[in-house]
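A.B. asks: Let's have the full structure, built from the sequences with the hints guiding it.
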Amino acid sequence: MLQPKTIIEQLKKCGITHVVWLPDSESKFMYDALQAETDLGFIPVCREGEAFAVAAGLWMGGKTPVILIQNTGLFESGDVLRATALGLEVPLLMMIGYRGYMEMKAGKQPFDTAAVYTEPILSTWGIPFRHIETDADTPKIAEAFQQAQEISRPVAALICVEYNE
Amino acid sequence: MRRDEVLQTLAKHRTNELVLTTMSVAQEWPAYSQSEFDFNAIGTGMGHLPDMALGLAVACPDRKVLALNGDGSMLMNLGVLVSIANAAPGNLILFVFENEIYEVTGGQPIPGCGRANFAAMAKGAGFTHTFEFAELSAFDKELPNILKLNGPVFVTVQAGPSGKPLSTKAIPVRAAARALRDTLTRARR
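As given, the protein sequences belong to chains Z and G, one line each in that order.
Take the first sequence: its letter number 100 is residue 100 in our numbering, and every next letter is one higher.
Each number in our numbering corresponds to the 1-based position in the second sequence with 1000 added.
None of these hints come from the bench; they were simulated from the model.
A virtual CB, placed ideally from N, CA and C, is assigned to each residue, including glycine.
Some hints here could point you the wrong way.
If you want a taste of the chain G side facing chain Z, the calculated C-beta under 10 Å gives, among others [unchecked claim]: (1) 1051; (2) 1053; (3) 1054; (4) 1056; (5) 1086; (6) 1087; (7) 1104; (8) 1105; (9) 1124; (10) 1147; (11) 1173; (12) 1174; (13) 1178.
C.D. replies: What follows is the structure in structure tokens.
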């Protein structure tokens, strides 16, 4: 089980100041909990590529953002990811909803091809990543954040569980 | 209006605002300004200057942020108008330089040239104030008042090319981003 409370605890531990977000199936369970966090700024965007540039601006302004988008949006964001998070060497924690991961892990046909391309694309960009499947994995979020600071590049925490009410 | 005239007018009225530029504007602005509060964003993802400005405006609420975008760049990312209006940073002013062409690729017309209205789009997206300028004298007269407004503010200027060769000098954008972060952090202390 993956609960919003444990994820938010990790974000606070990292000193995150702003969450730049476009909701997806893997992160929607965090919406209410994040909205209730008065210590975190919350910036919704209309398309995932915006998230990288907003985050770069926040970082240049001395803040510590995290972006929260789906793997499909990661694909859409290629050029701005290249040009901002990588190009400007922003130590950015990227939380990426991993659509199709659980089906792929179980050896089933995923809903679509999003899962198939996620890790190869991150590897091609040279972006390290960690899998977050349960509460026990959430310390990896802080590890990913710390690595991003050390290498001055984005690091991804992949949210592998699709939430179903 | 020519772009160089608009930029010189902006430089004349600008005080301590943070100024972000991109594309052909970024190649020309350094001729009129060498401030530590300038960030000439070349190679940082065409279309994404307004989003970067949104992040900076939220991070630095006590400093006005002027984002000088082009019309071709604006068309690449119209959704950000809604994102900005939703976040509603009072210190952000988004300028769009309308030359109606892709200047750096040889002057091809942009889609919607002569039909699309950027100020109407910004107003529809929820910007607090929108302005359109076609005459330099009107821009020069109104700009001081615009700089005092609580935003977000959207301004279009119909400004053709300056008729001068654009600078091809490389901009070390990675170092500039870190320098700006240091400057803004220092200024906040």
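A.B. asks: Given residue 1051(G) as an interface hint, is its Cβ closer than 10 Å to any Cβ of chain Z?
C.D. replies: With a closest approach of 4 Å, the residue 1051(G) hint holds.
A.B. asks: Would the stated hint for residue 1053(G) survive a check requiring a Cβ distance to chain Z of less than 10 Å?
C.D. replies: At about 6 Å, which falls below the 10 Å cut-off, the nearest Cβ of chain Z leaves the hint on residue 1053(G) intact, so it holds.
A.B. asks: Could you check if residue 1086(G) really has its C-beta closer than 10 Å to a C-beta on chain Z?
C.D. replies: Because about 6 Å separates residue 1086(G) from the closest Cβ in chain Z, which is inside the 10 Å limit, the hint holds.
A.B. asks: Take the shortest C-beta to C-beta distance between residue 1178(G) and chain Z; is it under 10 Å?
C.D. replies: holds (8 Å)
A.B. asks: Should the interface hint for residue 1173(G) be scored as holding, given a Cβ-Cβ cut-off of 10 Å against chain Z?
C.D. replies: holds (7 Å)
A.B. asks: Mind checking the CB of residue 1174(G) against every CB in chain Z and telling me if the closest is under 10 Å?
C.D. replies: Holds - the Cβ of residue 1174(G) comes within 10 Å of chain Z, reaching about 6 Å at its closest.
A.B. asks: Can you verify the interface hint for residue 1056(G): is its Cβ closer than 10 Å to any Cβ in chain Z?
C.D. replies: This interface hint holds because 4 Å falls under the 10 Å limit.
A.B. asks: With 10 Å as the cut and Cβ atoms as the points, is residue 1105(G) at the interface with chain Z?
C.D. replies: This interface hint is violated because 16 Å lies over the 10 Å limit.
A.B. asks: Regarding the hint that residue 1124(G) lies at the interface with chain Z, is the smallest CB-CB distance below 10 Å?
C.D. replies: violated (14 Å)
A.B. asks: Does the nearest C-beta of chain Z fall within a distance shorter than 10 Å of the C-beta of residue 1147(G)?
C.D. replies: Since the shortest Cβ distance to chain Z is 19 Å, the answer is violated.
A.B. asks: Would the hint on residue 1054(G) be counted as holding, given a Cβ-Cβ threshold of 10 Å to chain Z?
C.D. replies: holds (5 Å)
A.B. asks: Return the status of the interface hint for residue 1104(G): holds when the least beta-carbon distance to chain Z is below 10 Å, violated otherwise.
C.D. replies: violated (16 Å)
Checked against the numbered hints above, the structure violates hints 7, 8, 9 and 10; every other hint is satisfied.
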